[in-house]
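S.K.: Chains A and B, in that order, give the protein sequences. The opening position of the first sequence corresponds to residue 523 in this note's numbering, with each subsequent residue numbered one higher. The opening position of the second sequence corresponds to residue 3 in this note's numbering, with each subsequent residue numbered one higher.
What the hints contain is simulated information worked out from the structure, not anything from laboratory work. Do not take every clue at face value.
If we take Cβ atoms under 7 Å as the criterion, some of the chain B residues that face chain A in the derived model are [unchecked claim]:
no., residue
1, A124
2, R126
3, M153
4, Y156
What the simulated footprint calls covered on chain A by chain B, stretch by stretch (three residues with Cβ under 8 Å from a Cβ of chain B suffice, anywhere in the stretch; the number is not a length) [unchecked claim]:
no., segment
5, 768-778
6, 844-858
Covered stretches of chain B, as calculated for chain A (at least 3 residues, CB under 8 Å) [to be verified]:
no., segment
7, 97-108
8, 311-323
Virtual Cβ for every residue (Gly too), placed ideally from N, Cα, C.
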Amino acid sequence: MGRVSLRFVLGRVLAALPVLAGVVVLTFVLMRLLPADPAAFYATGPAMGPAEVEALRRQLGLDRTVAEQLLIYLRDLGTGNLGRSMVTGQPVTEDLALRLPASVELTIAGFLLALLVALPLGILAATRPDSAIDHLTRVIATTGVSMPTFVTGLVLIFVFYFLLGWAPDPTSRYDLFLPQSPRLTGFLTLDTLVDGNWEQFGAVAARLVLPAATMALFAIAPLARMTRASMLAALQGDFVRTARALGLSPAKVLLTYALRNALIPVVTMMGMVLSYMLGANVLVEKVFAWPGIGSYALDALVASDYAPVQGFVLVVAAIFVVLNLVVDLVYAAVDPRVGLG
Amino acid sequence: MTAAAPLLRVRDLTLEFVTRGGTVRALDAVGLAVAEGETVGVVGESGSGKSVMALAVMGLLDRAGRITAGGVEYRGRRIEALPERELRRLRGPEIAMVFQNPRTALNPIRPVGRQLVDVIRAHRALGRRAAEAEAVAMLRAVRITDPEARMGAYPFELSGGMCQRVMIALALACAPRLVIADEPTTGLDVTTQAVIMDLVAGLAAERAMAALFITHDLALAAEHCHRIVVMHAGQVVETATPGRLFAAPAHPYTRQLARSTPGEATTVATLETVPGNLPDLTDPCLPACRYAARCPLVAPRCLTERPPRTEPWPGHAVFCWNPA
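Generate the whole structure from the sequences, applying the supplied hints.
M.R.: Have a look at this one:
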């Protein structure tokens, strides 16, 4: 595993900078192309006339050309300033830092849940092609991708909260009536665990289940299908036949020989799915009133609040870049044939 | 070699594969025997059913394969009747197999030493250290230089010949009584081929192992085997010692095969090919002798009646209506 060099990592990060710059400029210009006037939107006071709106517009810098505005934005960006949200009144960096852990926690929970279901399903389907389990996997996968996440989310809430009453109300990340743990990481599961606050941990975990399941449902499809396909290929591989011919145990053949080889393409798929989930959680967060960066960005978009949307896109793009790098590193760790020099 | 009960006996083995393109009748009443310590060569063109027979002996046929008659007996036990658990105990310590294409036959992402340890520990109650020592000894036995250093190598870091040596080490790691080598030299250069064949034959003799060599190369088989079984399109056509087979081939196919094998008396100019192609094994109306369509001596009953077994010489058997 000494194949990964610092040079490689640095090179990849540097290569990502133009991409990030492009994303920033594009979002910036796109936002300005929207037929909305933030000044008019926020000038809601009854005494506000065209003069007041014009004054507000000047105050927000919206009277300048887009190019000028962009230069100002980029200059601020250089100092780590993402601007200020007009809805919350807070600096966007603070807002995002406050909400990012909630989104990441939800995405990771959903991703792990998806893996937990998709990998065994894919393996089982591959070992028994055309069996009931294979068809079940296909049905779950097809349903998962064809249902929009907000629909699955609403269905899950309707069934498990409204009808069955198993799930806690989907309005918060924690139980408001239990003592809160001090914020360390912002990941409530971790914070409550560190604090030893078991009751609140249970409440937090219970509130995580439905939104995570909603996210997982649509991630299961690509992961399970990919696992099945590459597992089928691996099981037909010569080296698996060799392992069988040498009398290795079925578990060893399946897990150590077939699965490890089959996972190599699945790792690539995992990276893509995880990136995609980060973007997709915008709607899931909205449905579950989850205080993450997705719902924050969506609110900002509706309110023509430019800075938070730009900040959100930049953060997500940066996470994409990091994730892709991680996928390459994991790839190199799993496959000795891949050298990263 | 004839009096003792054979180690392996394939008796009238008939099997077919059900595929989308029809039922492939891959083997038709194939019979052969391997005695303890004996080296038997199975020779035939690609598609003659050699490898399928080997897989049937290992109990490794895939799901589409179905034995419809006959069977395989190993030391008196019927392989096809054994449960998977029992089969697993046979594979490795009793019967082991060396596959063709060593590069793909080894796990590409596991160091070769680990693969050896896996096999050793699957069959013997050895600790990690002891198994590793054993693995190093096996690598040394197949003449790999600096075996300790090679333990951590991945197959892609080794040459084709090296990979085949590792494959042989894997097969012999549990000291099997019978080793089946399926085209062990395919994909290797000619010099390496000879080295590998000598290595397998040498190790088999040294350890008193029986060996079943599967090859399309008659000369190669003649050089290393006590006895040769010639197969054509899923049927055994002739079996004899290499000397007999070259001196007095009785089956028209064997004669043709001998003429298309390079030897001392042949040059590329005089080298012949076997005319015609293997018959389509999905054809429901295959002739009784599957060589009939290519045979210069074909007679009407070759198409309808199974050729009888005759022995032109003790230990030399031929299945033909018009043997020489």
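S.K.: For every hint, state whether the structure bears it out.
M.R.: Quick rundown of the hints versus the structure:
no. : hint    : in the structure
1   : A124    : holds, 5 Å
2   : R126    : violated, 11 Å
3   : M153    : violated, 14 Å
4   : Y156    : holds, 5 Å
5   : 768-778 : holds (count 7)
6   : 844-858 : holds (count 3)
7   : 97-108  : holds (count 7)
8   : 311-323 : violated (count 0)
Hint violations for this structure: numbers 2, 3, 8, all remaining hints satisfied.
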